[in-house]
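Let the hints inform the model, and build the full structure from the sequences given.
These protein sequence lines map, in sequence, to chains A and B.
Just so we're aligned, residue 1 is where the first sequence starts under the UniProt record's numbering, counting upward by one.
Just so we're aligned, residue 1 is where the second sequence starts under the UniProt record's numbering, counting upward by one.
Keep in mind the hints are simulated off the structure, nothing from the lab.
Treat the hints loosely; a few may be bogus.
Which copy is meant is left open, so a pair is good if it fits within one copy or across any two.
[Stated by the list, open to error] As a list, the in silico EDC-like pairs of lysine to aspartate or glutamate whose alpha-carbon atoms are at most 16 angstroms apart:
| hint | residue 1 | residue 2 |
| --- | --- | --- |
| 1 | Lys226 | Asp49 |
| 2 | Lys52 | Glu84 |
| 3 | Lys52 | Glu246 |
| 4 | Lys121 | Glu160 |
| 5 | Lys226 | Asp311 |
| 6 | Lys226 | Asp21 |
| 7 | Lys121 | Glu84 |
| 8 | Lys226 | Asp258 |
Just so you know, these numbers come straight off a predicted model, no measurement behind them.
2 protein chains.
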Amino acid sequence: MADQSLAVQLLLTGNEIMSGDTVDSNSALIARRLGELGIAVERKVALGDERKALISELAAMAECADLVIVNGGLGPTVDDLTAEVLAAVAGVAIEEHAGAIAHLEQWCGRRKLQLNAANRKQALLPAGATLLDNPIGSAVGFEMTVGRCRILCTPGVPGELARMLDTIVDDLAARLGRPSERSVLRLQTFGIGESTAQQLIADHCPDWPAGVELGFRAGAPQLEIKLTVNRARDLAARDACRAQLEDLFGDHIIGEGDATLAGTVLELLRRRGETLTTAESCTGGLIASLLTRVPGSSDGFHAGFVTYANDIKASVLGVSEADLTSHGAVSEPVVRQMALGALERASADYAIAVSGIAGPDGGSADKPVGTVWLAWGSRENLQALELCWPVERNLFQTMLAAAGLDMIRRRLLGIDSQPRYFAQRRANAK
Amino acid sequence: MADQSLAVQLLLTGNEIMSGDTVDSNSALIARRLGELGIAVERKVALGDERKALISELAAMAECADLVIVNGGLGPTVDDLTAEVLAAVAGVAIEEHAGAIAHLEQWCGRRKLQLNAANRKQALLPAGATLLDNPIGSAVGFEMTVGRCRILCTPGVPGELARMLDTIVDDLAARLGRPSERSVLRLQTFGIGESTAQQLIADHCPDWPAGVELGFRAGAPQLEIKLTVNRARDLAARDACRAQLEDLFGDHIIGEGDATLAGTVLELLRRRGETLTTAESCTGGLIASLLTRVPGSSDGFHAGFVTYANDIKASVLGVSEADLTSHGAVSEPVVRQMALGALERASADYAIAVSGIAGPDGGSADKPVGTVWLAWGSRENLQALELCWPVERNLFQTMLAAAGLDMIRRRLLGIDSQPRYFAQRRANAK
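Structural data, given as structure tokens:
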């Protein structure tokens, strides 16, 4: 699978991953980043915070691997054993590292904190260790070589690990001496399930080329489709595959790389100098939150309304109380008036309005849990649709927030055709 | 760590977990289910679908563990190697298992499918293996004993694994013959970092009892402190430790188990029949979203306002345009007026208002990125404070949303003392 012959193993530490309290996503991140260089991880071992077991495992790994990445155990507590474990394996002492102290002082200084004894413990490293830069956290990353094996010790906090991996991957690329020919194209989609995507490709692309590796990564709400080639000469075949996927999935493709629905919508708005507002009932502010997570979102998003209660829909957004009574909050007249009220109050060009039954309570025979009315568009051209998406509460909120953003994306791109989930999720007998 | 002396290891198989395309959550599920019986997993190893590596790893595990659970590799494709790997380790042949064929025929029959060659491959098991019941999927689970080690082979599909674990856990409980004495107490805290917590305990609890295991799980925004005892006779010592922690951390403890700030605030509101509203600028709807993730949140939360732009703060919440101009959006008068505007428009009893600079842009020398004004309380008693929390944008939003909820929690509980983060995060020269 990989074109580099480096033998790489991961050692993951922490009682929380052994007890199942934490799901380890760090090792997947490390594997994906190394994969960009064509480096495969051949073995991962996870252990609790037990000195003896860690020492024996790391010593065994150092015997047979070229590169070991240790994750976790860099923190200030007594549970954090990585430095002393590596020192034992390397047969060196633990000592205070001047560079690590400087890093910690700087980190505390930025936060106007005093360096305490617990922080100082983080600067106790195996003698001869070299620092790995952590631009955002207090944890001190470090590396040293034992025998012929390079051992990198990285932080368990996912954001800190992600930043440190940038440096590690750059350094590995330089050490490998030649640019990898590996190329990964990631397409982000919304509105297609993984099994449907696989079936479509199996049915329509029977002659998939051997040099183009196809992968999927299903996350709610998006599905990533990944095309990997390991040799430059397969790039033309990759581009042909991409064209086939674009034919198959069409406007369900949001963009490349890390594209998100919220980021794409904000970029489309920015180019047009237009703005979007939200009127949310069952999604409860999630659409606004997804938009405002994006840096610079203030250009395209000025105001959002969370109108959870009926009287608030009336008083804040001007929804007709008569319509609330006669049609109920989860109805076309109400969701349209929510959108229009938000458009007016925010002086915005586009609105998304959502009113539905997230559950677990609140459903009825007529409108079961999962029923939702969605409205989207402008004052002049406002559309609305009833869907039924009967899944667990938080997944319901996630999928409906995404569907709302997707409809605005489609509007801004002038896409007329309906997404697949409209047919699949259309509410009963509509 | 556990009171049962069973040595348990997990072997996780699959190229998709090695490449990072899939995050392994199965091993966490297995660990949590075994944890219910007081059984700890001492080691987990993950490998790709490579016959030789799998055989050597499983053989080594069988040498030193009492119980090995293998996950994945039971499917119908050539990548699915578990049966032949176990046969090689046990030194037996592979043969068609009559019970497995019956299971597959039944499974296909329910779906009106014909048993095909790929399905039949799933019935090829090591000679002498016993089936593990899979009530929902086609994969055939099986077990056998090699030397003194019991080896259970389970499916990689999470839903099928979950159902099979019900049977496995019941069977283990029966074999162990007595209920576990293990007891885990989890305390949720907000406003104390892991290193501070560790330091406080080290300083104030020098005689921590050996029978009470102390653990931490740092998540943004909460820190979980976990007290585990493995013998019933240590429960009194655990309760004494808990009392010490309550003295040390006091009102920074939110609650037990899975308590969250949003859930705690909603429960306090529900008991009083009162409501909360939100006026969010830099947190952009995150506080509203956290509240509405909780089932039943409509009792205590009726309306939220996301007023990201200055003119919206004026038009929607009635903030004085003169104050916006003279003091700026990130100022005490503005955040107080945001809170009061939301209180009036939502007819709510309490409000949280937040206005700050989440970054990465928008800071100035006077008000750097991370500067934020927070207001909280009721019409009659509205408090406000300026903090500076200079961290990455999404972490800033997470921590400020939590701080807002925490201040309402403190108000509802009548807590007068200030949280530790007020002192640490107080803005310059205030």
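Now the hints, each set against the structure:
no. : hint               : verdict
1   : Lys226 with Asp49  : between (36 angstroms within a copy, 15 angstroms between copies)
2   : Lys52 with Glu84   : within (11 angstroms within a copy, 33 angstroms between copies)
3   : Lys52 with Glu246  : neither (53 angstroms within a copy, 33 angstroms between copies)
4   : Lys121 with Glu160 : neither (18 angstroms within a copy, 44 angstroms between copies)
5   : Lys226 with Asp311 : neither (47 angstroms within a copy, 43 angstroms between copies)
6   : Lys226 with Asp21  : between (30 angstroms within a copy, 9 angstroms between copies)
7   : Lys121 with Glu84  : within (11 angstroms within a copy, 48 angstroms between copies)
8   : Lys226 with Asp258 : within (12 angstroms within a copy, 36 angstroms between copies)
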